[in-house]
Amino acid sequence: MTTESIPILSIIVLSPLIGAFLLIIQPEKWHMQIKLTALLFSIVSLLGSIFIYIFYDQTAGGFQFIEQIPIVKNLGVSYYLAADGISITLVLLTAIILITGLFASWKMPFRSKEFYILLLLLTTGVFGVFVSFDLFLFFLFYELSVLPMYLLIGIWGTSAKVTPKGIFANAIKMTGLGSKEYGAMKLTLYLLLGSAFILVGFFGLYIFSGLHTFNYTALEEVTLNKGTQNWLLILFYIGFGTLAGVWPIHTWSPDGHAAAPTAVSMMHAGVLMKLGAYGIIRIGMGLLPDAAETLAPLIGTVAVINIVYGAFGAMWQRDLKYVVAYSSVSHMGIVLLGAATLNEMGLNGAIFQMFSHGIMTALLFALVGLIYEKAHSREILKMGGFAKSMPGIATFFLIGALTSLGLPGLSGFVAEILVFLGAWKSPLSWWLIPAVLGAFITAVYVLRVAKWIFFGPKKNSTPLKDAIGYEWIAPTVLSAILIVLGVYPKLLLDPISTSIVEFLGKFVK
Amino acid sequence: MSLYHILFLSFLVFSIGLFGVLSRRHVVGILIGIELMFNAANLAIVGIAWSMGVLTGQIIALFGIAITAAEVAVGLALFLLVERLTNTVYADKIDTMRG
Amino acid sequence: MFATSETLLILVILPPFISFALNGLIPDLRKNKKTSSGISILAIVISALSSIALVVINPDTDIVFEWIPLTSFSPIIFGFFIDPIVLIMFLIVSLVSLAVQVYSLDYLREESPLSFGRYYTFQSLFAFSMLGFVASLSLLQIYIFWELVGLCSYLLIGFWYTRPEASRAAVKAFWVTRFGDVGFAIGMVLLWGATGTFFLPELFIKAPEISNPFLTLSLFLIVLGAMGKSAQFPLHVWLPDAMEGPTPVSALIHAATMVVAGIYLILRLFPLFELTLDPLVFVMWIGTITALLGACLAIVQNDIKRILAYSTVSQLGYMMAALGAGGAGVAYFHLFTHAFFKSLLFLAAGSLIHSLHTSDIWSMGKLAKKTPQVTALFLIGSLALSGVFPFSGHFSKDEILMWMHVRGFTLHFIILLITAFITSFYMFRAFFVVFFGKGESTSGQEVQEVKTPWVMTLPMWILAVITIFAGFQAGNFFNFLGLRLEEVHTHLEYLPLIVSILGIALAWTFYQGRYLSSKNVAISLSPINTALEKKFWMDDVYLWAYRYVLDGLSIVCGWFDRYLVDGLVNFTAYYTKRASQKLRTIQTGHAQDYLYGIIIAILLLFFLSILSPYLSPFLNEKENSVEFSEQIIQKGLQDDDD
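Taken in sequence, the protein lines are chains A, B and C.
Numbering-wise, my numbering puts 207 at position 207 of the first sequence, and it's gapless, one number per residue.
Numbering-wise, my numbering puts 25 at position 25 of the second sequence, and it's gapless, one number per residue.
Numbering-wise, my numbering puts 7 at position 7 of the third sequence, and it's gapless, one number per residue.
Be aware that one or more of the hints could be misleading.
[Stated by the list, open to error] Calculated cross-link-like contacts (lysine to aspartate or glutamate; reagent style EDC-like; alpha-carbon spacing at most 16 Å):
1) A/Lys-506 x A/Asp-319
2) A/Lys-490 x C/Glu-66
3) C/Lys-34 x C/Glu-110
4) C/Lys-33 x C/Asp-106
5) A/Lys-458 x C/Glu-165
6) A/Lys-451 x A/Asp-319
7) A/Lys-107 x A/Glu-28
8) C/Lys-451 x C/Glu-66
9) C/Lys-534 x C/Asp-278
10) C/Lys-519 x C/Glu-533
11) A/Lys-388 x C/Glu-111
12) C/Lys-31 x C/Glu-111
13) B/Lys-93 x C/Asp-593
14) A/Lys-451 x C/Glu-110
In case anyone wonders, no lab produced these hints; they're calculated from the structure.
Computed from a predicted model, the values in this text were never measured in an experiment.
One chain only, chain A, in its complex shape (with noise of 0.2 Å):
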């Protein structure tokens, strides 16, 4: 059996919605059963990533294990799944952060059996954008990827409390700041609006390009005139850009993480906000090239703007998990500024930061939920001195929080030294040095953090304990890629450097 003749993609993708079906149709007091099942599908798609990521010839590049199957024929809309470096990439961290998140969010408190149904469901649009080639079928993906997290929220979040001050105090009371609902709800308007720009950004494809096919190859062979492309362009931009967290969109997105239950938040920093990423690159400035071009300043000027913008914005926080959430601000603008040089150090760097960063966003969510099971508080300065009795989760913690501040040896110093080099070779070399001075703030926010909630003094006398059995797993097993990815960043840099010196052939003119 060669490796062509299995629909591994298919497997990937569909392993998840099957085991959603499968979840449907059990009772729901079989706990352990439903959790196992759902771990089962998982585990399928990660063995399948496993596999892709292993079998991409890297010499012979270009897309590979494709599906294609007509659907409807007259719209030009087909069933039409394939891989390359970069999808290969996320696919995998997809699947990391899948199965790390559920052993993050194992103990679920109530109606377990419908979490697990929609995390699978999301999960299933999730791969599907990665690997689907057919905009039609991209379009259904996304907001598959998208809707199930209005539920997700609304239903398992917790509601934090926030206290406006100033002004507009009461302004801001009246919206319900911090609850769960305000978050769900405006985390989903937020990204259906989003999807009316993709949508139309689609049909203006479809119908601009003359072909009336929604295949994402044959698009890629035609060149639209100029003023097309930038409108498209920025239809994408401004669609994918409020699920990359894009400023000034992205306050949907501390909102959101903020109010999430565990293993959402992860799913959500980790891995859907680089489907944003994701999209405007391999769509927006994979499809309009000339258009890319013209509006890299932009793109580039407002990732800078992010980077900045997103740290302080951290800093200025004091709800653990809205400091978390901002930081994921600021780093989704190193993946737009990579992608904005249009070079191959830092498209390289985005596409690396995007899966070095969903690892370390989700072992810090994943940490976060634990802080809060143990000590059921988020807020910053009520803690103190953790470090005494949680060690373990301290010592994950200052791994993660260095990540951040891209210290050299963890993967995140790999994707913002090639942004770094990239923005620099950019016709836009200034943008050098907001965002190295983004990295110094990220150490200052960061490490005070750190330092409020670990060190110093014991501040409040209830025991705690530190985590225990299954609730090292995910901290371990993230912590650990983006050490081995710090040290050995070929490991991943080979197959994504493939596809970026190939996307990279569109811009050479």
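Chains B and C: place on chain A using the hints.
Using the frame of chain A, we list chains B and C on its own:
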């Protein structure tokens, strides 16, 4: 007598019926208005069919009359129910559709 | 022969890493005091022996490998190599690490097994990072290890993390050095941008092609990084606070090895600095200012570790000044001697602090009789630091001063000479007060016994022996580096020694002979005294910048985000809701009202359909549509006529 005359009469009856539907407070009045409008329509259909020299219009009108009878029955039954539920027969007192 | 030297190179760098990995990954090893320290010390012993072997062989070898693959640019290559400069640093790092790790066995005796293991894990990581830093063949790799030693410094300063001062000092050290590293990172990227490589040999070949202003700018930025790491004015503020860490850590990281990384970096990049002189002049000024500043601040300190910390700042200033004056060799020689005598001083101070549980010099006193051994060791260190013959510090400091004098930097020479005077004064102030003082603020209780087991004294004696004899090896040292020791004979040759002895004499007058009262002098010079005690308000400036600039900007951003960016969103949502509340009142619930609406709409549509032919020119439709409508109407009229 030309088609104009018939259509004018139909228009008048229809307008009177419409006025009744819009302005009567009592539900039975409204029902009568509806009947008038219905019959105006029948009249127009019959008149046009007559002017074209075909019988189709009269068949339609006969169907219409039969349906009107059924409609009156259903309408009155509905009004009885409304009266029972809301204790009123005046249309402006019933505002359960209010936003 | 070639293969063996490569093996030896690996044997220097890798064992500490293996020790770190073993201790870090296997909790059972870490939780046992014997295994954790045993593995770590074994690793550093292997490193030290291999370093010595390499120094004897003095080979020329390197290991190169690809780290990041790139196709449109040259891939990023890493590697380790050996040259005399590297070898000497290997020797310093591995020997001082070994001494400190052995010493720590007793110093941290009372720690729980867990934190004991943590200490040795970090120590191994530090040894690995520092050795890796030294032998790096690529600028990016230098940066990587540079940050890693910074991390170890952060972790070890904050070793007693439950103490708020320690955790604050750790974070402060990281922030300040990281601020310098912003410069380093940008400068590094700029250099890469100009040459397309991080690989040092290639960089040196391509560097002359870089335009001069650009090279100057990048080197200035790199110097900023070096200033942060080597605690140069104005980024020196973290080093005194770093004394919150365990004393052996201060001896190793904050005296002998990590803090000299900045000097080593400039030394390593000296071929670049020689191409453009402005950064070197800047370095010389910064070094000179730092030397004087550090020495002045050391006078008013009451904490023995802080005195030593400021003296480190000051001595690092000497090295920087020498580098700036072009004296890479003499700077490196001072680095070499300083590493040994300063760690000796720290360890000696540490053995006192360990027994007495205080680091306030006024709480000590009369220790000379109780512990003659430590007294002798501390004296050796102090004499070396003060630059008294025949101790090593005399030779290296002399070299620096003579270099400045001969090269014609008279102003710098004078400042550094004054600094030498102050140095011997504050050092012997500490010495006399600690060992011969009366123990003035001990609040009545007698000074306790000073326990010095052999694990503590043996490392110190080894360092002391090196301190005594290293000075005479100056000639060999320079030969090894391939330089020539300049024999200078001027009428100022004995001036530094005289100045040092004068300083000691003054300290004796104040604190031992008590012919002069330090308090009276302090009162009469009160403005200067206040400035010194406030550390020239440097810390306050940084605190201000932290509170009002960083936090202020964060408040601005946070406020902007919540009330303007988010406010706009919430505003939209809120008014959508309000508008819907207003709009719903038109739904009266009366069926007849809705009917009115329907009728009006129908009538409107009706009239529109009638009027549309006449409106069409305004609606921008095709003109023939009017004709078309007219045709229909006419046709209808014709039918009626029938």
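Which hints from the list above does the structure break, by number from lowest to highest? 1, 8, 9, 14
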